[in-house]
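Colleague: Now that you have both chains on their own, put them together as the hints suggest.
Listed below are the residues making up each chain.
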Amino acid sequence: MKKRDESDEEKTKRGLTRRQFLTTVSAGAAAVAVSGKEKARAAEDVQVVSADEKTRVTFTLNGRRRRVMVEPRWSLLFVLRERLGMTGTKVGCERGECGACTVLINDVPRYACMTLAVEAEGTKVTTLEGLMKGEELGPVQQAFAEEDAFQCGYCTPGQIMAVEGLLRATPNPSSEEIRAAMAGNLCRCGTYTHIFKAAKRAAELKQKAGGA
Amino acid sequence: MAEERKDTYYAEGVPLPETPQPGAQPKPWQKTNIIGKRVARVDAYERVSGSAEFPSDVVLPDMLYGAILRSPHPHARVKRIDTSGAEKADGVHAVLSDASPEANIYWPYSREIRMKLFDPLCRYEGEPVAAVAADTPHQAHDALRLIKVEYEILPFVVDERKALDQGAPSVHASGNRVTPVQVYERGDVQKGFAEADVVLEETYRTECEIHTPMEAHGCVAKWDRDRLTLWESTQGVYAIQARVAEILGLPLSKVRVIGHYMGGGFGSKLQPGKYTIIAALLARKTGRPVKLFVTREDTYLVVGNRPPANMRLKAGVKKDGKLTALYMSGIGTGGAYPAGGTSLLDWVVKELYACPNVKTELSDLYINAGPARPMRAPGHPQGAWALEQMMDALAEKIGMDPVELRLKNISLFSQSRDGNPAYTSTGLRECLVEGAKAFNWNELRKKTSADKKGHIRRGVGMASAVWFVGGGGPPSTVIVKLFSDGSVNLNMGASDIGTGTKTVMAMVVAEELGVKPDVIQIEHADTGTTQYATSSGGSKTIPTESPAVRAAAIAVKQQVLKIASEELKIPVADLTIRDGQVVSLADASKKVRIPDIAGLKRQGLLVGIGYRHPNPPDKITNPFAAQFCEVEVNMKTGEVKIVRFVGTNDSGRVMDRLTYDNQVFGGITMGIGLAMIEKRALDAGQTGKMLNRNWHDYKIPTALDVPADMVSLPIDLPDPAANTTGAKGLGEPVTIPTAAAVANAVYNATGVRVTSTPMSPVQLCELFARTTKGAKDEKAGKGR
Chain A
1 MKKRDESDEE
11 KTKRGLTRRQ
21 FLTTVSAGAA
31 AVAVSGKEKA
41 RAAEDVQVVS
51 ADEKTRVTFT
61 LNGRRRRVMV
71 EPRWSLLFVL
81 RERLGMTGTK
91 VGCERGECGA
101 CTVLINDVPR
111 YACMTLAVEA
121 EGTKVTTLEG
131 LMKGEELGPV
141 QQAFAEEDAF
151 QCGYCTPGQI
161 MAVEGLLRAT
171 PNPSSEEIRA
181 AMAGNLCRCG
191 TYTHIFKAAK
201 RAAELKQKAG
211 GA
Chain B
1 MAEERKDTYY
11 AEGVPLPETP
21 QPGAQPKPWQ
31 KTNIIGKRVA
41 RVDAYERVSG
51 SAEFPSDVVL
61 PDMLYGAILR
71 SPHPHARVKR
81 IDTSGAEKAD
91 GVHAVLSDAS
101 PEANIYWPYS
111 REIRMKLFDP
121 LCRYEGEPVA
131 AVAADTPHQA
141 HDALRLIKVE
151 YEILPFVVDE
161 RKALDQGAPS
171 VHASGNRVTP
181 VQVYERGDVQ
191 KGFAEADVVL
201 EETYRTECEI
211 HTPMEAHGCV
221 AKWDRDRLTL
231 WESTQGVYAI
241 QARVAEILGL
251 PLSKVRVIGH
261 YMGGGFGSKL
271 QPGKYTIIAA
281 LLARKTGRPV
291 KLFVTREDTY
301 LVVGNRPPAN
311 MRLKAGVKKD
321 GKLTALYMSG
331 IGTGGAYPAG
341 GTSLLDWVVK
351 ELYACPNVKT
361 ELSDLYINAG
371 PARPMRAPGH
381 PQGAWALEQM
391 MDALAEKIGM
401 DPVELRLKNI
411 SLFSQSRDGN
421 PAYTSTGLRE
431 CLVEGAKAFN
441 WNELRKKTSA
451 DKKGHIRRGV
461 GMASAVWFVG
471 GGGPPSTVIV
481 KLFSDGSVNL
491 NMGASDIGTG
501 TKTVMAMVVA
511 EELGVKPDVI
521 QIEHADTGTT
531 QYATSSGGSK
541 TIPTESPAVR
551 AAAIAVKQQV
561 LKIASEELKI
571 PVADLTIRDG
581 QVVSLADASK
591 KVRIPDIAGL
601 KRQGLLVGIG
611 YRHPNPPDKI
621 TNPFAAQFCE
631 VEVNMKTGEV
641 KIVRFVGTND
651 SGRVMDRLTY
661 DNQVFGGITM
671 GIGLAMIEKR
681 ALDAGQTGKM
691 LNRNWHDYKI
701 PTALDVPADM
711 VSLPIDLPDP
721 AANTTGAKGL
731 GEPVTIPTAA
741 AVANAVYNAT
751 GVRVTSTPMS
761 PVQLCELFAR
771 TTKGAKDEKA
781 GKGR
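Protein sequences, first through last, are from chains A and B. Counting in this note's numbering, the first sequence runs from 1 upward without gaps. Counting in this note's numbering, the second sequence runs from 1 upward without gaps.
Worth flagging that the hints you see were computed from the coordinates, not collected in a lab. For clarity, every value in this text was computed on a predicted model and none was experimentally measured. Where is the CB? At the ideal position from N, CA and C, for every residue including glycine. Be careful, since some hints might not be right.
If the Cβ cut is set under 7 angstroms, some of the chain B residues that face chain A in the computed set are [stated by the list, open to error]:
hint : residue
1    : G264
2    : R296
3    : L658
4    : F665
Extracted from the complex, chain B is given alone in its bound form (with noise of 0.2 angstroms):
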């Protein structure tokens, strides 16, 4: 019996790394048994036997149903709302509005501004009037459908790019521009065009995206006395309970929030919403607990997006492809109140490329539009669309392969960051050189640029990526427990938001002690039970907890040795363990079993506590990506097929090849749709409205529209002076570069550059259009 639960547990016959003396930083691994293989997830039972629950697969015993009634119009104001008959109706337990009492309570949209939960002036369509708490979620929306609301209705404005205009809708009494002008600068870009052989000047357009993740944004909200749970659809726990004690006046200890799975988030669950409060508040004002999940149409509302953005760039390049200057203007908007409308937009202009002469001036502009919350990569696709597109031209201009231009800009430090620290690891070239290779991207690129007959016409194009952050660091606070018979538990704060954070970390925990990575049992993402972590966001899970993990499982071995030591009356120097056994290096066969440990049966569990080092002073992380896109595009329906894309990546350390493909492919996916098919459509004219606010209208990447040969490329580059597993982030980097890519591809193709998306056909008809009448002949375009 013992002797089968040693097979079950350990891994036999592979070495373990050294245990580092207690204080010392382990070192990097180096050949590693499990790390960087394909490992299935350890949660993947749960999430495909239907047993995860998810936040809104709670279902409590006499829980109530919360709906939201939201300003139909983009500014309003309330003057009049009578709730009476929703008081009235079947089933209604409660209903609030700004006149209940207990809704006196104030949300934070910035530091400055703070609204009430259900202000009276609505600056946006979607905002909170008033909110009912029902037997049933039918009853819930029958009773908001009795609220009589008069408003007042307001001039709006919903296109940023007529914000600033004479005599434009204010949003706020201060203006339409949220801050002044965001001016980076260095060196002298004025010169920089001087010293330029070639100066393009080009403007360029991203729509807004919404994140419309699977599972919708909401809770479950519980009381008992005072003490309030919450499970909430969420990408930190941590966050969650922070802003939600802070706006409900509690203390920390009081608010658990449980956020064990996660329907897809892309950064619009990073924090909470007024649904979160308003769910607690109707929870409270019943005694019930309330599940209250905003409708699919308000997810494309009020819980946020990837702003539009309207750039305007210069680039300047020498013959030899050395880039001498770099200027962007900008103009976004994060809606109605400040959410970052700008936010880093610039970074790939700032940092991806080696330039000396670097300018730019950022717009926030306030609109009557739901608020943004970060998505994925926040600013970068959209600056990589202008960025890489310009790259791609002046390739063409100075007659230089893109992939040899980029290359020949390549830096090896951050150079818009106080200092310019080194990066602990640059591997944009890899990327590059193995990307293009793999690619094929040579043969095609001479095959796709001479072909230009038919009207079908295949082109390949590509793009690059920094991501500004992806290094992680503190704090972490892990957990690994090693119970008596040797199996191992994990514990920690980290939300698995589907990037597999999980498995990663298990794989850790087996790295070191040896243990299966399916005998190890995981506690996570719950403020009552579960250790402090930072949200799941930024690309930084990996990076930021499995140094913390690995620091636990460290933990836990010295304990082991310690305990043995005693026991086996054998220094700690001269102990290992491999195969589940504390074994003497001076003779093997001085050992024992780890269940055998009799200090440790005496003890019962043996506590590893890992935090996360402090990140290298003088140095910054982070990861880089390369992708190459083949696609076929029809001239005369404006259709365009993506046949193939290669992803390649370096994020440091591949910590779960399997996972690690998935994130790629998924990246791929997300920047197909910012390329080809999402927008934000808002009835600028009449209403301010949203016009399609369902997955029918919204399109997003089908089963039908992603590539049928899609690979994807780790540059598997430790980075050891990044952390002690080497790894760095993913998630983001994998979607910046991808429309771009696309959209270059397009030129090749066609001759026709897109320099706003989405690429739809009616675009790409009107286009092709211009050009063929502009130059009147079979080479269309060829000369733009």
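In isolation and in its complexed conformation, chain A is listed as follows (with noise of 0.2 angstroms):
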């Protein structure tokens, strides 16, 4: 159940794209809400709970094991931000247009408000705050400040997650990979050029460090 469509974009092992993306995650989404097969197997492993019952969620977030009480109508951005604390991902439109609420779930980028809570269980959630090495910044974040690929901040941690999934399964890409990796994070300010040159700049970042 938890596995359904995240094994096949595992296989694929890199960036999805905006619409790549929305076909997973609406599938995915739908499925938990409606869909008769989904239902019949849900019904099969994991019990069935009211919208406002409360079911424990279990997953690793940033390598520590979290265990929350959340509504399965909850999203996980919304578990992540007002009952984790995890502010780093930014709640921008809730209907997986914009990609700042970007996540890695298994090193894959994800919508994280398109991502019920509950379908995290089991799952290895990173965020923004995951990439931190204590106070210091990963390389993907040191990318992004030395090349001023930003400029309200507010889409920041969905572009970084964004590129850190890319590399995390081409660690070399080419710019028209990078174009389409980013392709599903908008930015108003307009940056994407310096998000290009960041992205590139990230990658040679993590290969002097020796690889991801």
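Modeller: Here you go:
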């Protein structure tokens, strides 16, 4: 159940474009909500709870095991920001359009707004905070700082996570691969040009540091 | 240990600017040490680590979540409202509507028009009719669905082009004109047109754009008895404080607004919204903090827009390229309330080029849609869309290069302001000449104009710009504190909306004191703890704040010199500061390190206060720009690929080249949105509702839409007459010429003049088909 579409995504081992992402995610969210097929599957191995009843979800967040009581309708985004205090992950649209909430789930970029918290069960979730090495910036964060790859900084956590996801799958991306990987992350300040540079720089920094 | 500290805090071997006598104006910087370099942001760490706390990130103990029920109709009257279901709902702690005594508050839409906070008369889709606070946002939104509202649906008009039609519904009892037609006139346009060798006339339209910053509008509100604290996503904390205090009838001292970080505004966050007041009321009613951010859908409806513009432009030119007359009539709308629907629409027509005879007539009309808010260079990109395409057409008609035509019409003074004040600097010529050179304009122009075969066509186009403010000015108060160890704190009220304000200001302190920028701690954008500043908008933050910061840093230097002078027993005139030390000019062996000055240690802290000096009385400061663009147009599909952009700007002195370039690219990107994809779609026929209230249906530029090749070419022209740092504004001129430059490039590629935004494949295919049909040969469109 929990692996549903993710195994396919993992196979691709790279960042998803916005469109691919929407397809997989909306399939996932719809499945949890109404799909008859999924309901049947859910009935087999998962306890069904009503909308306002809380259920326990366990996942690894930035290397720490977290257990949270959540309503089934709560998004991973809501739980991260408003329940676990991980506000590095931003809320932009809550409808899978902007990418401000991008996190890594099992190393693959995902929109946390389109991921129900219960879907995170048993996964490895990485947020912006998880890229830090103590008080020091990780290589992608460092690259964004050096290349001035942001203005207001609000889409930045999502952009950084998208680059991180790209580089984990494709350590040496071409310019075209970078563009495609970043196509699901909007920046209204229009800093894409610097984001592309930062992605290149991040690849260098990661390689210098001895790989991802 | 002490030695190490010195090395850490101060740059060595760099001469500092001379310290003026107290009361004297500092001289312009000559050679700079740090200003003008590529300096990474001083708050980059916070912005990339996640430690930057944006208002929407604020989570307070015991905090509730607010949500607003909005009118689903563009024009309706609330007949009955029943909130009892919501009041009983799980997790709900407060419900507000027009029936609530606490909500008996007036919202000023303008000086004349005040409406209730939850007014029964809803003149646009999205007007608040009720609000709730609940334990979770989910419960709050559930509760909204339990509120029963009976509306009397009223006839609406949502197309400003039909607002004056016979029988069009009236948005206000006074009719659909916001004001009488606004007329501007200089010279005699009839005479001017008579003198012209060529007169062209064309109709243009730009569609309504929505700001859609990444962080939605809203705040967290918290009361401590009678003191309100707001964490608001805003461009100006003091502006929010003033408006909220006025509306709630509170002393300014009791309203604290904090806005350290904010996720984009582009003009839409210069003012509070009803949401701000509603959050405060919900918090007061529940006695708990309330977080209330509007939904993404609501950001399309209720927090402003760049109004649509309908422009008729007539222009006359002599064969030698001199403009003889310009006439513009414009129709626009700021929505359902006075909101500057045609504000500054004619500014580039009146100001950008020398022209003795100019007349403009603007009609600002009401429609049943959300009120406009300023959007990045209000009126200017729209006006430039018309004027700059017209200049392109005029150049072709008289057989002159478009750059040449513009060079022949540069004005060194403001033509439409009283008394025709001179510009403190006019870098338009440099922008045009340098930009053309960097772009390889002449070569490319020859090539693209000759080559019109095949269905993939290349073209180049350009446009230029002036921005009507961008010089900044008083008031601003800034404090620079020097700690006893030589490290520095900068305290200013201005918001850094992503343009790099904090970084540039730290660079100014570093330039004056020699202290390294990363040792400077900045406190900003908090009415409780930082000094007064006007909002960050109008491309004025750097020219407003940087002279005040410079003055504050100099005030610190003066005190350091005075204290050191007493200690060293050397007159101030014989002392200078360098390498973090006060040194005698006559005898370099006589010196004291700043952290070793006993007087500083005793005092603990030196406070330098700087004020923004007045602007020159008889001059005006405006930034200028030119942009050059290359496109590739697919004549079969109507797709336009923007291949290359060169942006040249005269924004006075370049302060931080890194953030400067970032602004230029960002402005071009936003301009590409206006040119190619952005359009608010209202259902004019049946419902009057907005049809594309999300980023899926209302597209903004993505990583796939920006040209791979973008160059920022600053004309680094310090403007000492403008202010003591010589900087002018940048954030808005960078987006003014973009759309017109693309349209001119598309014309150059295809021979088809696109006069309405967005230049979608659908529109282009229609235009191509029409032109081909008309011309019936391969050279379709050339004879236009």
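Colleague: Taking the hints in turn, state whether each one holds.
Modeller: So, going through the hints one by one against the coordinates:
Given the 7 angstroms rule on beta carbons, the hint for G264/B holds: about 4 angstroms separates it from the nearest Cβ of chain A. For R296/B, the interface hint holds, the least distance from its beta-carbon to any beta-carbon of chain A being 4 angstroms, beneath 7 angstroms. Given the 7 angstroms rule on beta carbons, the hint for L658/B holds: about 5 angstroms separates it from the nearest Cβ of chain A. This hint holds: F665/B has a C-beta 5 angstroms from the nearest C-beta of chain A, less than the 7 angstroms allowed.
No hint from the list above goes unmet by this structure.
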